[in-house]
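Novice: Residue numbers (numbering that gives the first Met the number 0), protein chains in the order written: chain A, 0 to 198; chain B, 0 to 435.
These are calculated hints, taken from the structure and not from any lab test. Where is the CB? At the ideal position from N, CA and C, for every residue including glycine. Do not take every clue at face value.
What the hints assert, rightly or not - To give an idea of the interface, some chain B residues facing chain A are shown, with a C-beta separation under 8 Å as derived from the structure:
no., residue
1, S23
2, A231
3, L242
Claimed, not checked - Derived lysine to any residue pairs resembling SDA-like cross-links, with alpha carbons at most 20 Å apart:
no., chain 1, residue 1, chain 2, residue 2
4, A, K97, B, E310
5, A, K97, B, P164
6, B, K89, B, G64
7, A, K8, B, K89
Claimed, not checked - To be clear about the criterion: a stretch of chain B counts as covered by chain A if any three or more of its residues have a C-beta under 8 Å from a C-beta of chain A, and this derived list gives those stretches:
no., segment
8, 86-98
9, 186-194
10, 212-225
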Amino acid sequence: MTIAGIEPKAEMVHWWFATGILVLGLLLVAEVVVGPEVWGRRPWRRYLWPGLCFLLGLLMWPVMALYTNSMIHMVAHGSWAQVLMLTGGAELGVVRGKLHSQYWRLTSVVALLVSGTAFLVHEQNGWYFARAAFLHHALGWTLIVAAVFPLAQAFRPRSVVAASGFAMTFLVIAVLLYCDRDSAAIFGHFSTFAGVPHR
Amino acid sequence: MKRALAVAALAALALPASAFAHASIERESPSFEQRLSASPRQVLIKFDQSVDALPKAIVVLTPDGKNVAGRPRAIPAQREIVAALPRLPKGPYTVRWQALSNDGHIVSGVYTFGVRVAAPPVTDAVGAQGPTRTEDVVRWLYFLGLALAVGGIGFRLLVVRQPLPARPQRRFFWVTGIGIVGVLEAGIAAFLLRGEDALQLPFSRFLYGDLSPLAKGTRFGQTFVVMELGFALFAALLYLAWLLERDAFLWAAFALGLVFVSGLSLSGHSAADAGHSWLSELADWVHLSAATLWVGGLVQLAVVVWPSWPELRATAIRRFSRLATVLVALLLGAGTYLSVLRLPHVRDLWTTGYGHVLLVKLGLVCLALGWGGAHHFLAVPRIERPGVTGTLARTLVGESAVAMAVLLMAAVLTDSKPPPQSPAKAPVAAVSSAHR
Chain A
0 MTIAGIEPKA EMVHWWFATG ILVLGLLLVA EVVVGPEVWG RRPWRRYLWP
50 GLCFLLGLLM WPVMALYTNS MIHMVAHGSW AQVLMLTGGA ELGVVRGKLH
100 SQYWRLTSVV ALLVSGTAFL VHEQNGWYFA RAAFLHHALG WTLIVAAVFP
150 LAQAFRPRSV VAASGFAMTF LVIAVLLYCD RDSAAIFGHF STFAGVPHR
Chain B
0 MKRALAVAAL AALALPASAF AHASIERESP SFEQRLSASP RQVLIKFDQS
50 VDALPKAIVV LTPDGKNVAG RPRAIPAQRE IVAALPRLPK GPYTVRWQAL
100 SNDGHIVSGV YTFGVRVAAP PVTDAVGAQG PTRTEDVVRW LYFLGLALAV
150 GGIGFRLLVV RQPLPARPQR RFFWVTGIGI VGVLEAGIAA FLLRGEDALQ
200 LPFSRFLYGD LSPLAKGTRF GQTFVVMELG FALFAALLYL AWLLERDAFL
250 WAAFALGLVF VSGLSLSGHS AADAGHSWLS ELADWVHLSA ATLWVGGLVQ
300 LAVVVWPSWP ELRATAIRRF SRLATVLVAL LLGAGTYLSV LRLPHVRDLW
350 TTGYGHVLLV KLGLVCLALG WGGAHHFLAV PRIERPGVTG TLARTLVGES
400 AVAMAVLLMA AVLTDSKPPP QSPAKAPVAA VSSAHR
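Using the sequences provided together with the hints, build the complete structure.
Specialist: This is the structure in structure tokens:
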């Protein structure tokens, strides 16, 4: 069995997940714009973002298992897989009526904190060392700071500010992920500061 | 809006490029585990970005640990590091490499090749010490997780066979959920520990160690990849069974779990040691599956049925007792066959380390069987008598604990090396002969 033969390039995988997170963010923005009552008129709509989140977590497992060219990336991918499944799963449980406490929203807090920490830990260089280093720091701190939004939602479920902040977090993460390569889909290779584009 | 989204998504996917954050190997010569018919003149490693050569960027070790590589040099234009070699005699060799990548991280790795002999797997590279006690514990946790998850679902489908009331259902999903999370985490930990041993790097350097030769070039690594993916899917099916309350997902998870339990058989002694055959792999799978169902069922009886569903106690223990009889027969039959295969002489039981561990395991199995027999022949016929169920609650916990200890011995056995079948078979690398 040759596992190498079925691996897509790392860039492709970044952009697939960026697209998934962009769609997730747009679904959350749509819910904020029309309001939860209108959004919930068709019950299936309430399953969309948690279902997508859970699916993204499941799809992250192949990334963890196949991209083993460094130990720290493997661990980071594994932690993202688990927290995506956790937060998507908990939200689906709430929507389905299997879980009743509003504090299950705190799983999103855990997910954002763990994800952000994984980004920061797996980047050992400073902010301005290179493009990837800058974006890893930006992604890490965005996720950690954004944990305040689901924290607020756990205690004030109807807060529009918290819901908007939570939704916008995913849009920002998607943009940063799209940029997270030297030959990125948007912004390109923005500075010689990031070094000569390799390969 | 829909069209714009679709266009954005397609544009993102249609613009592939290539750039990793830190250097990765694109090509190496000699390649991973290559068997060469003549001595190579040099070792060449080509990266996906330019790298700087560190001192000892390439070290080529003979089986006795001597470095035979010349002074390594970087060729930035070709993104390569190269080290010349003298004429190598027949034998296995270990390459340890390190390079400073563009982003400032030191990336490192190890691989093997052979000159006129088969290359050893990277887990037997010169310097690797073999499984440690920590690995035994991690493998034990893996077995426990399998028992809780796969065995727990087996109990629910084969013994309970009916929808659970709310409280036992909650307990059932907690136990099986903890089990599958344990399987996934212990799987990752086991892989990293094996990688750490092969790479022999300090922790800060191990963070950026290249584990791909282990993942892609060894049976252990390939099994790790397949089993992690399989059990991630198992976790999703178990979750869907909880969310949607459909037994169909449990059946799918159970079937998947039993299939992937075989991964341990396909990567262990039964598939790799001398004398292995499809029969030894089948026997190993039967042995593992029966043990998983037996231990998982005991835990479900003790933790789910007994404390939270008194009405089902008598029925459940009678049904489980019948199932356990079949499981124990399979366990003993397959286990005896495998013991004879791995220890061809009876004296191996007391003259080899593998035999000693097997003796301890057999002792614990006898204790567990005696305990189970007492339940089957003494307790079950008297289950309706007052006071018996209270005593059974404690003895079930005791039998579960003994069964878990059996799994610990199974983990130590899996990580141990059976005695060689023929005295002519020499160890691959003399320095890595620390296997128990």
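Novice: Determine for every hint whether it applies to the structure shown.
Specialist: Status of the hints after comparison with the structure:
The criterion of a C-beta within 8 Å of any C-beta in chain A is met by S23 (chain B), whose closest approach is roughly 5 Å, and the hint holds. Interface restraint check: A231 (chain B) against chain A, minimum CB-CB distance 4 Å, threshold 8 Å, status holds. A hinted interface residue such as L242 (chain B) counts as satisfied when its beta carbon comes closer than 8 Å to some beta carbon of chain A; here the least separation is about 6 Å, so the hint holds. Restraint check for K97 (chain A) and E310 (chain B): not satisfied, since their Cα atoms lie roughly 25 Å apart, outside the 20 Å limit.
Annotation: proposed proximity of K97 (chain A) to P164 (chain B) holds, straight-line Cα distance about 14 Å (limit 20 Å). As the CA atoms of K89 (chain B) and G64 (chain B) are separated by approximately 15 Å, the hinted pair is consistent with the 20 Å bound. With a C-alpha separation of about 38 Å, the suggested pairing of K8 (chain A) with K89 (chain B) is violated against the 20 Å cut-off. Look at the segment 86-98 of chain B against chain A: 0 of its residues bring a Cβ nearer than 8 Å to a Cβ of that chain, fewer than three, so the hint is violated.
Beta-carbon proximity to chain A at under 8 Å applies to 3 residues in the segment 186-194 of chain B; the threshold of 3 is reached and the given coverage holds. As drawn, the segment 212-225 of chain B meets chain A at 7 residues by the rule of a beta-carbon pair under 8 Å; at three or more, the given contact holds.
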